[in-house]
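Undergrad: What follows is the residue order along each chain.
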Amino acid sequence: MGELRFIFHQIRSNPLSIAGIILILVFGLIALLAPVLAPVPPDSPDPYWIPRYGFSPTPQLPSSEHILGTTQGQYDLFYGVIWGTRTAFRVGIQVIIAALIIGIILGSIAGYFGGIIDEIIMRITDIFFSFPFLVLAAALAVAFGPSLDSAIRAFIVVSWPPYARLIRGDILAVREEGYVEAARAVGCSHSRIIGRHILPNAIYPTLIMASLDIGAIVLVVSALSFLGLGAPEGYADWGQLTAFSRNWIVGPPGNPLRYWYTVTIPGLFILFFVLGWNLLGDAFRDILDPRQRRR
Amino acid sequence: MTKFLEIQDLVLRFYTYEGVVRALEGVSLSIAPGETFGLVGETGCGKTVSALSVLVLPPPPGKIEQGKILFRQADGQVIDLLSQGEAELQRIRGREIAMIFQEPGAALDPVYTIGDQIGEVLFLHRWEELCRRALAGLEREEAEVEGLLPFSAWERKLERAILQRLIQSRTLSGRLLSKLPLVTRRLRKEARKISIELLKELEIADPESVVDRYPHELSGGMKQRAVIAMAIACHPKLLIADEPTTSLDVTIQAQILGLLRRLKQELGSSILYITHNLAIVAEICDRVGVMYAGSVCEVADVGELFHNPRHPYTKALLEAVPKAGSELKYIPGVVPRLIDPPPGCRFHPRCPQVMPVCSQELPRLKEISPKHWVGCHLY
Chain A
1 MGELRFIFHQ
11 IRSNPLSIAG
21 IILILVFGLI
31 ALLAPVLAPV
41 PPDSPDPYWI
51 PRYGFSPTPQ
61 LPSSEHILGT
71 TQGQYDLFYG
81 VIWGTRTAFR
91 VGIQVIIAAL
101 IIGIILGSIA
111 GYFGGIIDEI
121 IMRITDIFFS
131 FPFLVLAAAL
141 AVAFGPSLDS
151 AIRAFIVVSW
161 PPYARLIRGD
171 ILAVREEGYV
181 EAARAVGCSH
191 SRIIGRHILP
201 NAIYPTLIMA
211 SLDIGAIVLV
221 VSALSFLGLG
231 APEGYADWGQ
241 LTAFSRNWIV
251 GPPGNPLRYW
261 YTVTIPGLFI
271 LFFVLGWNLL
281 GDAFRDILDP
291 RQRRR
Chain B
1 MTKFLEIQDL
11 VLRFYTYEGV
21 VRALEGVSLS
31 IAPGETFGLV
41 GETGCGKTVS
51 ALSVLVLPPP
61 PGKIEQGKIL
71 FRQADGQVID
81 LLSQGEAELQ
91 RIRGREIAMI
101 FQEPGAALDP
111 VYTIGDQIGE
121 VLFLHRWEEL
131 CRRALAGLER
141 EEAEVEGLLP
151 FSAWERKLER
161 AILQRLIQSR
171 TLSGRLLSKL
181 PLVTRRLRKE
191 ARKISIELLK
201 ELEIADPESV
211 VDRYPHELSG
221 GMKQRAVIAM
231 AIACHPKLLI
241 ADEPTTSLDV
251 TIQAQILGLL
261 RRLKQELGSS
271 ILYITHNLAI
281 VAEICDRVGV
291 MYAGSVCEVA
301 DVGELFHNPR
311 HPYTKALLEA
321 VPKAGSELKY
331 IPGVVPRLID
341 PPPGCRFHPR
351 CPQVMPVCSQ
361 ELPRLKEISP
371 KHWVGCHLY
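In order, the protein sequence lines correspond to chains A and B. Here the first sequence is numbered in our numbering, starting from 1 and rising by one per residue. Here the second sequence is numbered in our numbering, starting from 1 and rising by one per residue.
Keep in mind the hints are simulated off the structure, nothing from the lab. Errors might be hidden in some of the hints.
[Stated by the list, open to error] What the simulated footprint calls covered on chain A by chain B, stretch by stretch (three residues with Cβ under 8 Å from a Cβ of chain B suffice, anywhere in the stretch; the number is not a length):
| # | stretch |
| --- | --- |
| 1 | 180-190 |
| 2 | 193-207 |
[Stated by the list, open to error] The calculated SDA-like cross-link candidates involving lysine to any residue, where the alpha carbons are at most 20 Å apart (straight line), are:
| # | chain 1 | residue 1 | chain 2 | residue 2 |
| --- | --- | --- | --- | --- |
| 3 | B | 63 | A | 116 |
| 4 | B | 179 | A | 195 |
| 5 | B | 366 | B | 302 |
| 6 | B | 63 | A | 190 |
| 7 | B | 63 | A | 113 |
[Claimed, not checked] Over 12 Å on every C-beta distance to chain A, these chain B residues come out as not near it, computed from the model:
| # | residue |
| --- | --- |
| 8 | 83 |
| 9 | 97 |
| 10 | 176 |
| 11 | 186 |
| 12 | 242 |
| 13 | 306 |
| 14 | 329 |
| 15 | 343 |
For each residue, glycine too, the CB sits at the ideal point set by N, CA and C.
Extracted from the complex, chain A is given alone in its bound form (with noise of 0.2 Å):
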């Protein structure tokens, strides 16, 4: 009870955790309500496919039909990107999520048993390491084949080396402490270690790390999607919206910013989702982390 008490203070003592908590949960809310504040045409196949009102290239100024108008090919922008919440929500999490397992169990391996195991895991990591992170990923989505799923795929295979190279540091320092010598003295096994005596003490700089990635993540999937390489054409994708965006950034003659809300809409959601998730990284590593802890 104390403890929970002491992370609430932790939290309300930090305006800048709390803008991130209310960031994270408005965009939470946008995308559980998805249905409700666009609601899907009866006609619509998946609700993840933006309805399309048309195929003229020019994008249509908001109007009471479309209350943020239509990109280019005639895709309503306010559908696209409610349910681009969506998107943004499940690749960012699924990545981390798998990304983080992979790391974890590599890493701990590799950190805990040492030797020639320890060698051949960060070896690897280190072959990832030495490409460029967005072009091995963009790389592999091609190779995948174009679709969200091997966007996400791609960036899971990619972004699993820093938690193995950050844990296995972690490990290595925790792995001399009395009380992992105390824990095989009683007779533990090895798995037992790791999973109740080490993790507990050297996870929490991992988990932190990922949840201030978790914005990153979703920012560079976008930028993919941008490129072509993500959601296929019409997918509710932020990252996609804004490709849309791409030939209209400045107007016609006369008047540059007459389609400024083709750009500005989806940037902006991006924007605030990966702050959200940047200042809520934040927050975690006011609670978690035993260093910064405590008055």
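With chain A's structure known, arrange chain B on it following the hints.
TA: Same frame as chain A, but now just chain B:
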């Protein structure tokens, strides 16, 4: 004299960048049932490494190269610990041989309460008993409560079936079943009760609240008692105490020593007591082994060793005990580097009675008078 732990010619080496550290070079000693054996020597002479070797946990990059560690199990069977598989060793560690560590603060995991940590040992080694007690608790509860609701009656039936199955065998499916909150809740409660009993036995004030505390909330003496509680949780036959009182102040030291002596009598275990403090050895031990630079140089009963030391190193060590009013004596020279130890007897460069043979041959332990073994070319 029956031995139940016998270390024979143990050789342990560390393979480091700078070279091979010959940490233990033919260590031999034996411990009888119910005996307290003291192992004394300077820092770095191999006491702790010897103790960890008994649990077959040589600190990396150490490797046990030679030797045998014969251990008589509870059923009378004598086994060589060094040739056992990991699963068998995990069964023995904590149950038959337990260790009390030097730094109680470091030996407790900061993220679990004292009760959880003692409970872990119980879950590992006294599983059956926990299940039995849980079952008994369940029956007691049933007898007390009348007119059960149908759901909780069904719940109890399930719980009882699982517990009975767990007592019979601990298969994988059983282990998974035991993770059900329904079952763990009761097992935890029983483990907590046993932990409280153990803490009570260790004369901790207010054991009911100490069980639920985290290590950082306890004083050094309390932590050491908690560590001892973990060690004696399964009534081990052999208790290895690695300088358990070094980090404690003198009054607590005396309490802990008294406690160990009492526990030894109650449990009938033997203790391998490692220390560099000769006063403690005189206080608590029955027999003593003196170690120097990786080998045992003299073994004798406590009285014999203190009154009639034979090895030149033991003599020098006893003379070096500070006494009020007289000048502090010390042993000239320094402890040898174990990467490149002196040939022959490792003490010969500092020995006042050195002979030519000393630098050629490593002396073996010889019984020069009944129960008094010395490893020196003088005898």
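Undergrad: Indicate, hint by hint, whether the structure satisfies it.
TA: A quick look at each hint next to the structure:
1. 180-190: With 9 residues in contact (Cβ-Cβ under 8 Å with chain B), the coverage given for the stretch 180-190 of chain A holds.
2. 193-207: Per the Cβ count (4), the hint holds.
3. B/63 <-> A/116: Between residue 63 of chain B and residue 116 of chain A the Cα gap is close to 17 Å, so the pair holds against 20 Å.
4. B/179 <-> A/195: Distance of about 15 Å is within 20 Å: holds.
5. B/366 <-> B/302: Satisfied, since the Cα-Cα distance of roughly 18 Å is no more than 20 Å.
6. B/63 <-> A/190: Holds. Residue 63 of chain B to residue 190 of chain A sits at ~19 Å (cutoff 20 Å).
7. B/63 <-> A/113: Since the Cα atoms of residue 63 of chain B and residue 113 of chain A sit roughly 16 Å apart, the hinted pair holds (cutoff 20 Å).
8. 83: With a cut-off of 12 Å, residue 83 of chain B remains clear of chain A, as the shortest Cβ separation is near 18 Å.
9. 97: Given a closest Cβ separation of 9 Å, the condition is violated.
10. 176: holds, 14 Å
11. 186: Holds: least Cβ distance 20 Å, greater than 12 Å.
12. 242: Given a closest Cβ separation of 10 Å, the condition is violated.
13. 306: Its Cβ never comes within 12 Å of chain A, the nearest being 31 Å, so this holds.
14. 329: About 35 Å separates residue 329 of chain B from the closest Cβ of chain A, which puts it past 12 Å; holds.
15. 343: Fine: 33 Å to the nearest Cβ keeps residue 343 of chain B off the interface.
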